[in-house]
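S.K.: Model the full structure from these sequences, guided by the hints.
These protein sequences, in sequence, are chains Z and C. Take the first sequence: its position 255, counted from the start at 1, is 255 in this note's numbering, and no numbers get skipped. Take the second sequence: its position 240, counted from the start at 1, is 240 in this note's numbering, and no numbers get skipped.
Where hints are given, some of them may not hold.
[What the hints assert, rightly or not] Within a straight-line C-alpha distance of at most 30 angstroms, the following computed DSSO-like cross-link-like pairs (lysine-lysine) qualify:
#1 Z:K145 to C:K27
#2 Z:K145 to C:K23
#3 C:K23 to Z:K120
By construction, these hints were calculated from the structure, which means they are not laboratory data.
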Amino acid sequence: MSAIVVEGVSKKFRLHTDRAHSLKELITRRDRNAGIDQFYALDDVSLEIPEGSMYALVGHNGSGKSTLLRCIAGIYRPTTGSVKVQGRISTLLELGAGFHPDLTGRENVYMNATILGMSKKQIDGVFDDIVEFAGIGDFIDSPVKIYSSGMYVRLGFSVAIHVDPEILIIDEVIAVGDEEFQRKCFDHLADLRRRGVTIVVVTHGMGTVETMCDGAAWLDHGVLQQEGPAADIASAYLRRVNEHERAERQADAVAAAEAATGPGTELGTVPEVDPAAVTEAWFGEDIEISEVWFSDSAGEVVSTGTTGEPLTVNIAYRAHRSVEDPVFGYMIHTENDTPVAGSNTRLSGIETGKIEGDGVMAIKMEQLQLLPGNYEFTIGINDKFVQHTFDRHYRSHPLAVRRGTLPIGVGFVELDATWIAGSGSGHTPEGS
Amino acid sequence: MSTPAQVWSYRTLIVNLAQRELKSRYKRSLLGWMWSLINPAVTLGVYTVVFGVFFGAQAPVAGNGESTVFALWLFCGLVMWNLFSGVINTAISSFSGAGGLLTRTYFPPECPMIAGLITVIIQALLEGGILIFFMVVIGNLSFTMLLILPLFVLMSCFAFGIGLVLGLMNIRYRDVFYLTGIAMQVLFYATPIVYQMSILSPTAQAILRFNPLTSYVGAMRQVAYFLDFPTPGSWMVMISSAAVSLVGGWIIFSRWAPTVIEEL
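M.R.: The following block contains the structure:
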């Protein structure tokens with residue numbers, strides 16, 4: 001049973017590039033249609049969102065996610081196509097939308113909840129829960145203009161989730177609030193979902209998509225790219241983002257090179273770019289991961305590993321400028337996306353120093369502890385605060401692990417553990 | 001297009017919007033609600049002094065056959081005029097004011113308009129109450145005053161229809177707001193509010209009859225001052241103008257409001 005059926009929805013907007021804002025302009029401008037451009041924010045999008053599922057819309061800014069949400073919510077009418085919705089919708093497109101700064105929290109809660117379609121009696125019933133969840137306390141009877149932005153946001157969220165919706169539509173608003181409140185929100189969303197509420201979210205957090213959502217749709221320039229299980233969409237989307245970023249950098253580099261050979265150089269406004277480096281600058285802007293390969297104890301390149309045998313992961317990088325203490329990291333996933341292990345140089349307490357030009361960073365394992373199976377490595381290079389990613393290869397380096405001569409157990413990893421019978425040392429923890 | 005039934009199902013919201021408007025209107029002001037009385041009182045005072053004293057305008061004899069109070073005669077017209085201009089100005093500001101909300105949640109766009117209308121009607125009832133109070137004081141009272149309510153309803157419908165369309169247009173062309181201000185000034189003097197029809201030339205009187213407001217103001221004076229019934233002719237003008245304005249305005253508004261909201 002689908003809670004929401006979107007069928008061939010297109011939404012056309014007029015771009016008023018030179019819109020008449022006054023009657024005078026309207027009358028004096030000869031060609032009234034001259035400044036009007038049209039563009040499709042949504043182009044023939046069809047999807048079904050099953051009842052009781054949590055569904056994510058992903059895509060870069062301006063891809064039409066929010067327009068689609070507004071079409072589902074009934075705020076926008078599709079130009080063509082139809083949206084069928086089964087159930088009562090509560091929207092959370094902007095937190096605290098409709099809060100009047102001069103009115104008290106209490107008055108605003110009633111106001112906001114009625115906008116979301118509740119009757120006064122229903123609000124009376126959940127009012128205490130709303131205040132409790134928001135953690136506003138005595139401030140509820142103060143004008144909301146004296147609230148901190150956090151309180152404002154919490155109260156707005158609290159109202160939206162307490163209106164007992166059948167369908168909840170959320171636009172990138174969960175990202176606000178402190179850690180504790182966020183966790184509370186996610187718990188509550190999970191709770192709502194268990195109660196059969198259909199939740200549609202727009203988010204940029206692929207972590208949220210992978211861990212919380214059942215299904216997802218990926219939009220790009222208003223066109224549905226892919227729809228399906230959340231984890232698949234998230235990885236497909238991330239892959240595209242990475243590719244796109246690289247392509248853009250290449251284009252930038254080409255443009256820069258052209259500018260450098262043009263008249264710009266004489267003026268000294270454009271930094272010199274080695275034309276030979278242009279094709280190389282296809283990858284990361286500051287540091288790129290040029291190659292990743294696995295090797296055995298003899299340094300021979302291998303494509304498979306053996307449980308219990310040495311294995312080295314080699315990361316060849318090229319730093320286009322000198323970078324202080326970049327952080328190299330890896331993550332190992334199983335084929336079906338279960339994370340197995342991961343770490344980075346920062347976690348391991350390694351300072352990588354200043355790097356520039358070509359180099360290789362290796363992860364050396366004396367004994368490969370992965371059990372036989374197929375794994376995928378994610379390799380990344382970040383800045384020293386792990387805030388900015390210079391380059392990342394997401395699950396793009398597969399490693400098949402074979403069984404060696406060692407006796408092995410089950411699961412993903414072989415721990416470096418031994419069985420000890422009756423030695424007595426661990427027998428009575430408080431003894432001796 | 002929102003039907004009246006859909007709008008009705010959002011009545012709690014309408015009431016809340018109206019309450020919000022009323023509550024926030026006089027927040028942080030010392031006199032608070034008093035302001036809604038001070039404003040019309042000052043207007044009435046100024047017009048009484050200017051027209052009644054300086055120009056020596058005389059009010060006709062009231063329904064009780066003895067009183068001639070220029071201020072009250074004037075007040076009858078002003079109450080009606082305030083309702084008219086109040087409804088239109090509020091409609092314009094309600095729609096642009098609710099714009100932010102309308103792009104974030106779905107509800108019929110008529111709701112904030114009706115909420116605004118309610119606040120103006122409350123103000124009109126207040127003024128109407130004061131008018132009746134002073135009529136009682138001078139001993140000019142009759143059951144014809146009960147007709148004030150239907151007159152208010154007709155006036156509200158007439159002004160609301162116009163306000164819906166102006167509010168809609170104002171989103172695209174801000175000139176509407178300024179033009180309305182000017183039109184209101186002209187219309188105020190093109191309606192026999194501060195003067196009597198009889199002081200005009202027959203031609204001017206004929207022209208003025210094309211202004212539906214002439215009928216509304218005249219009818220108000222009939223029921224509240226002369227304690228008489230409005231003529232069937234003025235009833236017809238009022239009922240038909242109110243119906244045409246309301247139905248037309250509603251259809252135009254509900255047809256175009258969703259498109260206009262997308263431009264907010």
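S.K.: Are the hints correct? Go through all of them and say.
M.R.: Results of checking the hints against the structure:
{"no.": "1", "hint": "Z:K145 to C:K27", "verdict": "holds, 13 angstroms"}
{"no.": "2", "hint": "Z:K145 to C:K23", "verdict": "holds, 15 angstroms"}
{"no.": "3", "hint": "C:K23 to Z:K120", "verdict": "holds, 17 angstroms"}
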